[in-house]
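The residues making up each chain are set out below.
There are 2 protein chains.
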Amino acid sequence: MLKASTGDGESLSTLGELEIVERIRRQVTARAPLGAGPESSGVVFGIGDDAAVLRSSPGRYLLATCDMLFEGVHFLPGVIPPYDLGRKAMASNLSDVAAMGGQPRFALVSMALPPSTGAEAVTKLYEGLIDEAAEHGATIVGGDVIRSPEGVVINVTVIGDVEEAKLVTRSGARPGDVLLVTGPLGAAAAGLDLLRDDSLRRTVGDQVAERAIAAHHRPVPRFREARLLADLRAVRAMLDISDGLARDAATLARCSGVGARLFWERVPVASVAEAVARAAGKDPVAYALSGGEDYELLLAVGIEDVERVVKTLAESTGRAPLQVGEVIEPAKGLVMAMPDGTERPLEARGFDHFVH
Amino acid sequence: MLKASTGDGESLSTLGELEIVERIRRQVTARAPLGAGPESSGVVFGIGDDAAVLRSSPGRYLLATCDMLFEGVHFLPGVIPPYDLGRKAMASNLSDVAAMGGQPRFALVSMALPPSTGAEAVTKLYEGLIDEAAEHGATIVGGDVIRSPEGVVINVTVIGDVEEAKLVTRSGARPGDVLLVTGPLGAAAAGLDLLRDDSLRRTVGDQVAERAIAAHHRPVPRFREARLLADLRAVRAMLDISDGLARDAATLARCSGVGARLFWERVPVASVAEAVARAAGKDPVAYALSGGEDYELLLAVGIEDVERVVKTLAESTGRAPLQVGEVIEPAKGLVMAMPDGTERPLEARGFDHFVH
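Top to bottom, those sequences are chains A and B.
Take any residue in the first sequence, note its place counting from 1, add 69, and you have its number in our numbering.
Take any residue in the second sequence, note its place counting from 1, add 69, and you have its number in our numbering.
Honestly, the hints are just simulated from the structure, not real lab data.
A quick note: this is a predicted structure, and the numbers were derived from the prediction, not measured.
Any given hint could be a false lead.
Since the list gives no way to pick one copy over another, a pair counts as held whenever it fits inside one copy or between any two copies.
As the list claims (entries may be wrong) - The calculated SDA-like cross-link candidates involving lysine to any residue, where the alpha carbons are at most 25 angstroms apart (straight line), are:
id	residue 1	residue 2
1	K235	R129
2	K351	R287
3	K235	E412
4	K193	S82
5	K193	R94
6	K193	L84
7	K193	I89
8	K351	R129
9	K235	E219
10	K380	V289
11	K351	R330
12	K401	L391
Turn these sequences into a full structure, and let the hints steer you where they fit.
Below, the structure is given as structure tokens:
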């Protein structure tokens with residue numbers, strides 16, 4: 070019933086992920102127009118940011134976000150340990166709440182499991198989910214467990230909250246702002262390549278391989294940085310980089326109605342990503358631009374606040390954020406400034422789950 | 070990695086659904102003890118009721134619940150129209166919030182879709198989700214769309230709220246209370262049997278078949294009744310019947326720490342369920358006891374309030390709730406009083422998704 074009929078023939082694989090999501094967003098918001106305002110529906114921002122922003126008690130917003138993971142699509146069967154999978158599934162949602170300046174509070178976990186699934190593996194999976202939630206102040210409060218005909222499916226919903234004044238969306242960037250990232254990128258994507266290619270793994274050696282695979286299996290979202298940044302109230306727009314710097318910079322620009330210029334030479338590449346890229350004969354910058362799941366933060370900061378932001382993060386976390394680009398007029402679009410002084414269009418296409 | 074190792078060998082199919090969920094509940098609550106109280110974690114009730122009860126603003130609780138559906142397990146591929154599927158997936162979650170006396174506010178929808186899925190079918194599915202949510206005052210505020218290697222998976226999370234004084238849990242029933250249901254049961258289960266058996270469908274005739282299948286595809290949760298009952302403040306415990314009367318009565322009794330006695334003769338069977346049962350040579354009461362997804366409400370009411378509850382619902386909705394049993398001392402367990410005056414243990418086993 071859900072198959073494309075032979076008549077109209079338009080299937081998801083012809084549309085692609087962004088178009089599908091955009092159509093759904095339009096369909097949903099057509100019925101609940103944002104203009105209707107939080108007074109009537111309680112929805113301050115719906116689909117389109119890291120998390121939905123909802124009116125709750127006076128002075129505070131509720132934040133809600135969810136992610137679904139399917140075995141074989143988002144994690145490799147028999148590769149990621151169940152405990153790590155649990156932590157990662159929870160972390161990506163906690164990170165979305167943190168990237169809005171919020172504090173995660175509650176989580177709901179739905180899981181489809183084949184009957185052959187080992188009980189011990191399920192326990193480990195929940196241990197990872199629970200540990201990651203607890204470490205960041207959240208509690209699992211509900212969920213669902215169902216039978217899967219094939220493949221594990223995990224959906225995590227996280228509910229958090231934020232003081233109104235500390236909310237940081239994706240949509241406040243203005244031309245002239247500086248684009249910063251909280252740390253080097255590409256390690257998780259390099260780790261995924263190593264998991265897929267044994268000979269590459271042998272080439273880079275055990276030490277690099279272990280670090281890159283750890284980055285893929287056990288990413289460290291930047292909760293502390295996000296909290297510090299929200300407290301500073303100096304960030305105009307922020308999101309966590311889960312689809313790669315190029316795609317997420319494009320998202321931030323689109324949500325803010327601005328353009329963006331990245332500087333090729335300043336794209337910060339994790340040292341393990343460089344080592345793996347060398348061994349694979351790839352461009353290391355490509356890992357940072359299109360590899361997702363590092364969960365570093367991308368932020369737009371007014372030029373007058375950059376020094377304060379850099380200093381605060383450097384002093385509190387030991388890691389100074391790195392300037393990777395700048396916000397430009399919308400008409401200038403999305404561009405990459407190359408070392409030779411030329412500019413090229415920023416390739417914002419990351420991994421599309423529906424089109425291959 | 071999630072397979073049972075050959076060594077310990079304990080897989081989900083040997084444990085069964087209730088035991089799996091109970092283990093997860095214990096694992097989660099061991100880390101976030103209920104005794105810690107809402108002051109620290111914000112969790113008033115976690116796993117175990119229709120929805121989690123969370124501390125939000127003074128005088129109000131936040132409610133959160135989710136359900137996952139997998140094609141082939143919870144709905145039949147190519148049978149339920151996408152629009153109906155959307156409405157049903159949303160309705161079951163809205164119903165969980167309503168069954169706690171709450172008002173649904175926000176929904177998040179995650180969906181795994183095979184690339185071959187038709188774009189039109191996805192639009193219809195969301196139309197159903199949106200219509201059902203809007204009809205009951207809720208807005209879709211977020212979600213996720215991912216690729217599925219095979220089969221559609223839908224997860225709906227609903228967030229609602231309730232005045233503290235109007236919260237109705239599953240855990241307040243006391244011995245002596247009367248057990249009521251808001252309407253006849255079994256139609257949805259009869260509809261499912263018809264969808265699985267063409268010859269049975271021919272036997273019962275088009276008119277009965279259409280009504281039973283409609284009950285299965287387009288259940289009508291009792292939002293209005295739930296609201297009226299919450300306003301009355303006369304209900305000690307309530308839940309929506311999604312697993313069949315026997316299993317859900319057992320759940321209510323377990324959550325309240327009491328026993329329950331149902332009266333065989335008073336189990337209300339929907340007329341279409343009776344017609345289908347006759348044609349199938351089944352006991353019609355079995356449909357009502359073990360067939361789920363009717364979404365009528367089961368409630369425990371103090372004997373002094375029964376008249377008021379019955380009168381209010383009858384006058385406001387035109388349907389008087391039906392007395393199906395009574396709450397008894399915990400030591401007396403779960404029993405069915407038969408027409409001949411004997412009692413037998415209540416078979417609380419509904420459909421187990423993991424054990425067949």
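Query raised in the report: Among all the numbered hints in the text so far, which are the ones the structure does not match?
Result: 3, 8 and 9
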